[in-house]
Amino acid sequence: MADKVSLAAGGSELWRTVQRLLELQRQAPPLCAIPRNGPIPASFQQERLWLLQQAHPAGTAYHLPTILRIEGALSPVVLDRSLCAIVRRHEILRTTLHVRAGQLEQAVEAPPPTILVARDVSEAPQDEREVLAMACAKEIIERPFDLERDWPLRAMLIRVADDVHWLTLLFHHIAFDAWSEGIFFRELAAAYEMLCKDAPEPLPVPALQYGDYAVWQRRWLTPTVLAPLQEYWKESMQPAPEPLRWPADGVKASYSGGLAQETNAVETAEFRDAFSAWARKEGATPFVAMLAAFLAALREHTGQERPYVCSPVAGRTRPEVAGLIGYFVNLVLLVGPPGHSRTFREYLTAVRGVVAGAMAYQDLPIHLLAAATPELPSPLARVMFSYQNRPVKQPALPGLSLSVKRSAGLVDADADLFLTAEETREGLLLSLQYSAAIFARNDAERLLDAVRQTMRHAMENADVVLKDVGMAIRVDSPGPMGASAGGADGREYVAPADDLERGLADIWQRVLNVPRVGATDDFFLLGGRSLLAMRMLAEVKRSLGYQAEPVVLAQARTVRALARTLREGGGNKSAGHGALTCLQDRGRGLPVFLVPPAGATPLQFASLARHLAPDHPVYGIEYPGMDGRCAPLPSVEALARHHIEAIRTVCPSGPYVLGGRCFGGIVAYEMAQQLTGAGEQVAACVILDTVKPPGVKMPFWDDLLGRIMDARVIPNGESLPGWRKMLWVPQMAFRKIWRHFAKPLAARDSGIPPDHAPHVRRVHTACEKARRAYRPAERWSGELDVAYCARRPALQRVQERWQEHAAYAVFHPCRGAHVSLLDEPYVVEVAEIFRKRIAAGEVGRSPSLMRCEP
Amino acid sequence: MKRVKTREDGSVTVWRIGLRAHRDVMARCWASLSDSERQAAGRYARVEHQERYVVCRGAIREILGVLLGMAPSKVPLEQDEFGKPRLMSGSGKWWFNLSHSEGLALLAVSSAGEVGVDVEALSHGECGQDIAAQWFAPKEKDAISNAPAAKQRELFLFHWVCKEAVLKGVGRGLIEPLHLVDVSEIVRGSEGFARVGSTEWFVRLLQPAPEYVGAVALKRRPAVLMWRDYEPDSGFGRPE
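Those protein sequences? They're chains R and G, same order as listed. Using the working numbering, read the first sequence as starting at 20 and increasing by one per residue. Using the working numbering, read the second sequence as starting at 26 and increasing by one per residue.
Don't take every hint at face value.
For lysine-lysine, the following DSS-like pairs were computed, each having C-alpha atoms within a straight-line distance of at most 25 Å [as the list claims (entries may be wrong)]:
id: 1; chain 1: R; residue 1: K560; chain 2: G; residue 2: K166
id: 2; chain 1: G; residue 1: K164; chain 2: G; residue 2: K109
id: 3; chain 1: G; residue 1: K164; chain 2: R; residue 2: K560
Only some residues are given here: those of chain G computed to face chain R with a beta carbon under 7 Å [unchecked claim]:
id: 4; residue: H47
id: 5; residue: A52
id: 6; residue: E87
id: 7; residue: G90
Calculated directly from the structure, the hints in this document are not laboratory data. Cβ coordinates follow ideal geometry from the N, Cα and C atoms, glycine included.
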C-alpha cells in the first residue's frame with residue numbers, strides 16, 4: 020500500500036528490507052566466466068526487448084543511432100580494424116538470438132574480418148553532399164532488425180570530402196545501453212591509437228562476457244529470490260493504477276510507429292542550484308523533487324489521480340560487469356501516490372518513499388513484474404523519466420576533430436513521453452522526447468512548460484495544496500516568468516469589462532494563439548509581431564467594424580487601451596490617421612512628431628528615431644497625395660491643419676514636440692502657431708536645415724554657391740576627393756536639366772515606382788508654391804530651435820531671419836551636409852537638441868533665457 | 026557547423042536556422058551565451074520561445090565567431106535600444122539581421138552595410154486579402170487580387186516579406202508604415218530596388234524551405250548572395 024511505503028521511507032522498515040536484500044545479494048553465486056559448451060540463455064533484459072521487438076518487427080524504437088562527423092586525416096582501414104577489435108572483444112556485438120524449446124538463447128558468432136560499409140558522396144556538388152550523406156546514413160538506421168540473423172552493430176563510413184567523413188553507427192538496444200556507449204568510444208579511441216602505431220593486439224580479451232552475466236543472472240534470480248521482490252511490488256501497487264489516458268486520445272496505443280521528436284528547455288545555473296538546495300531542504304534528492312513535479316504536471320494533464328512513470332536504472336550493481344558492453348538497464352516503475360488533498364510537501368514526501376522502495380527492489384526485471392501482476396496496465400513503460408547529474412563524455416579520436424550529429428525524428432519513440440533532466444556546467448537541460456503519433460508539438464511544449472511552472476510554484480510555497488498548484492499552472496498566461504508568474508509581464512489577469520473588450524480579447528486570443536488574454540496584457544509581450552498586428556487589425560475591422568491604423572498600437576498596446584482608442588474614434592468608427600507613421604514606439608517621454616521635406620517619406624527619420632529611443636516615441640507625418648489617392652494640399656496652413664488632425668489621433672492634447680526638415684520645418688512652424696493659438700502647449704519646435712525661412716528669397720548666385728559648397732560632400736558626409744569635386748557640379752547641373760525634360764525616364768532611374776512619380780512631383784510642386792506664398796501672420800510666442808549645416812556660412816545669415824518669426828530662437832550649427840544631417844554620426848547631435856529642449860521644458864526653464872541672465 | 030570564409034566585398038550570407046533543435050544543439054548554444062543572455066532565457070515561460078531565443082543567439086555567436094575569429098562565447102554582443110542584439114562598435118564591420126517564424130529563422134550577415142531580412146511561414150498568410158485591401162498600394166492590391174485564389178496567400182506573403190525586409194534594414198521599432206514602400210515590381214521579378222528616402226534598397230525574394238517565404242534587403246546589390254545551413258539536421262518542422 021502506498022501508505023505502507025511512505026512509512027517505510029522514513030522508518031526502520033526500509034532498512035530491514037535493504038538488509039534483507041543485501042543478504043540475498045551476498046548469497047548470489049559468483050559471477051565468473053563459464054565454459055562455452057552449449058547455447059547460453061538470454062538475460063531477462065534481452066528477453067524483454069526481444070518480446071517488444073517481436074510485437075513490432077518493423078519498428079525502429081530500439082535503434083540507437085550515432086553519427087560522428089570526423090574532420091582530419093582519417094584512415095578508414097585503421098578505423099575498420101579498430102571496430103573489428105571491439106567486436107572481437109565484446110561477444111555481445113556478434114550475438115544473435117534464437118528461440119529453442121520455448122527459451123530464448125543467444126549464440127555467439129565468429130569475429131568478422133571487416134565491419135565498415137563504405138560510401139562516397141564527395142563527387143556530388145557541394146550543396147548536395149550532406150543531404151546524400153544523410154540518405155546513406157538512413158539506410159542503416161532505418162532498416163529493421165532480424166535478431167535471429169543480424170548483429171546488433173552496423174557501421175558505415177561516408178566520405179563527404181577529402182578530410183571529412185561521417186561515421187554512422189547503429190546499435191540495437193538489445194545489446195547496448197548508455198553505459199556501454201562510454202565504454203565503446205573509450206575503447207575505439209584506444210584501439211585506433213594503437214593500431215595507428217601498428218600494435219599487434221590492441222585490446223586484450225576481457226575476463227567476462229555478457230553471456231556469462233546472463234547465465235549468472237538466471238542462476239541468481241531463481242523464483243526463491245524473485246518471490247520477495249515480486250511480493251513487495253505487488254503490495255506497493257495496491258490498488259493498481261489506471262492506464263494512462265492522454266486527453267483527446269481515443270484508444271491510441273503507444274509504439275504505434277510515432278517518430279521520436281523532442282522539445283527542450285534550459286534553466287540557469289542559479290535555478291539548478293536553488294532547486295537542488297530546496298530539494299535537499301525538503302529531505303529529497305533533485306531526482307525525487309523533479310519526479311514529483313513531473314508527476315504533479317501529469318496529474319493535471321491527464322486528470323488522473325496516480326500517473327505512473329518508469330525510470331531506467333543502470334543495472335550494473337556488480338563491479339565485474341563495469342567494463343562490459345551490453346544491455347544491463349532495467350526499468351523501475353514509479354507510481355505517483357494519491358495527492359488529492361495533499362500539499363506539495365506531503366506529496367513530495369510520499370514520492371520520496373515510492374522512489375526509495377523502487378530503488379531498493381530494482382533487481383526485479385520489469386517484464387516479470389508485468390507478467391506477475393496482470394492487473395497492472397500494459398504496456399507499463401509509456402512515460403519515462405531520468406535525471407543525470409554526471410556529464411556525458413564526448414567521443415574523441417586521436418589527431419582528429421569529432422562532432423556528434425544528432426537529429427530528432429530519425430527513429431521511432433520507445434515511449435509516449437520521456438523526460439530527461441541533465442545537469443551541465445551552465446545549468447540544467449530539460450528534454451521532453453515525445454511520440455509524434457500521439458502528441459502534437461504544442462501539447463508536448465505545454466507539458467514541459469507545466470513541469471517548469473510546477474517546480475517554481477513548489478519552490479515558492481510547498482504548502483499549497485496540489486490541486487491549487489494545478490489550477491495556477493493552467494491559467495497562467497505565457498508572459499515572462501517572475502517568481503510568481505501571474506499574467507503576462509507578471510501582472511494579474513484582469514477580465515474584459517464590456518463587449519468591445521471581450522471582442523478584442525477574443526480576436527487577440529485567436530491571432531496570438533494563447534489560452535487567455537487579459538484586458539491589461541500587452542500585445543507584443545504576448546508574442547505579437549508586426550504581421551500578427553496587421554491580422555489582428557484586419558480581424559477587428561471584419562468582426563467589430565472598427566477601422567484602426569497600425570499607428571494606434573504604438574500607444575494602445577493592451578485590450579483596454581485599444582478599446583478606448585477605438586471608442587474615441589467617434590461615429591465614423593476609425594482610429595488613427597493614415598498619414599501618421601510610428602517610427603519608434605518605446606518610451607514614456609513626450610512623443611516627437613516630424614514632418615519630412617516636400618515629397619519625401621518620413622522613413623528618413625528612422626536614424627533620428629533610433630537615437631530618441633528608448634525615451635521618446637517618434638512619429639512621422641506623410642504628405643497627403645503622395646500615393647495619388649487625393650489631391651495635394653495647396654497651402655502651408657492647410658497642411659498644418661491636416662497634420663495637427665493626424666497627431667491629435669495619437670496625442671489629443673499637449674505638450675507637443677514638433678520637428679520638420681527643409682520645407683517640413685516651415686510646416687512644423689505653422690503647426691506650432693496653430694497649436695499655440697488653440698491653447699495647446701508646444702514643448703519644442705525644431706527646424707532642421709530649412710534653407711529658406713518664410714519670406715526669404717535667396718539670390719541666385721547665393722543659391723548656386725551653396726549648392727557647389729554642398730556638392731563637395733557626398734551623401735554620407737565624407738568629402739569627395741579633389742578631382743571628383745570638379746565633375747560634381749556639371750553632373751548636378753546635367754541632372755537638373757535631365758530631370759526637367761525627361762521626367763518619366765528620370766523617375767525610373769531614381770527608383771520611384773513610375774506610378775507614383777507624377778504624384779510625388781505634384782506634391783513637390785504644390786509644396787513649392789505653398790512655400791512661396793506663405794507669410795506668417797505674427798511671431799510665434801514660443802522658442803524655436805533652428806539647426807542648420809555649419810558648412811555654409813552664407814546660410815547662417817539667412818537662418819538668422821528665423822528670429823523675425825519667433826519670440827526666441829536658438830541656433831544650433833550642426834556638422835554634416837544638407838543631405839547627411841540626419842545620417843550617422845551627425846544625427847546624434849540633432850537628437851541631443853530634441854532631448855535638451857524637452858528636458859528643459861520639463862524643468863520649466865529655457866536655455867536661451869538662461870543666457871540672457873546677467 | 027562548417028567554417029566558411031566570407032569575402033568582405035559586398036556579399037551577404039543568409040543562414041538558415043532550424044529552431045526545432047536537438048538537445049545537443051541547445052546545450053551547445055546555451056553554453057556559448059553570456060550571463061545576461063542566460064538570465065533572459067531563463068525568464069521565458071514558454072519553451073518554444075526559450076528554444077528560439079537560445080538557438081538564435083547561439084547561432085549568431087557561432088557564426089559571427091567564425092567571421093571574427095573568436096570563440097562564440099567571446100563575441101561582443103550588446104542590446105540596442107530595442108532589445109535586439111548587435112555587435113559592439115569597434116568589433117568589426119559586420120551587420121546582421123534576424124527574423125523567425127514558426128520553426129525557421131533566417132540570419133543575414135553582410136560586410137557591406139545595413140541588412141534586413143524577413144521570413145514568414147505560409148500558414149501566416151491568413152487575412153492577407155484584408156490587409157492588402159486596407160494598406161497596400163494599388164498596384165500591389167491588383168497583383169494579389171488578380172492571382173488565382175490558391176496563390177493569393179503566397180503572393181501576399183511575398184509582398185509582405187519584401188516590405189518587412191526593407192523596413193527592418195532601415196530601422197527597428199517601426200509599426201509597419203506599409204504603404205511607404207512599394208514592392209510590386211520586386212515581387213514580379215523576384216528581386217529589385219525599393220527607394221526609401223534617399224537610399225535605394227536592393228531586395229531579393231527567397232525560398233528558404235517548403236512552406237516558408239523570405240526576403241533579404243541590402244543597401245546595394247551584393248556581389249554574392251550565399252546560402253548556408255546552421256545545423257542542417259535541426260528540423261524546421263511543418264508549421265502547425
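Okay, the hints, checked on the actual structure:
no.	hint	verdict
1	K560/R x K166/G	18 Å, holds
2	K164/G x K109/G	33 Å, violated
3	K164/G x K560/R	22 Å, holds
4	H47	4 Å, holds
5	A52	5 Å, holds
6	E87	12 Å, violated
7	G90	15 Å, violated
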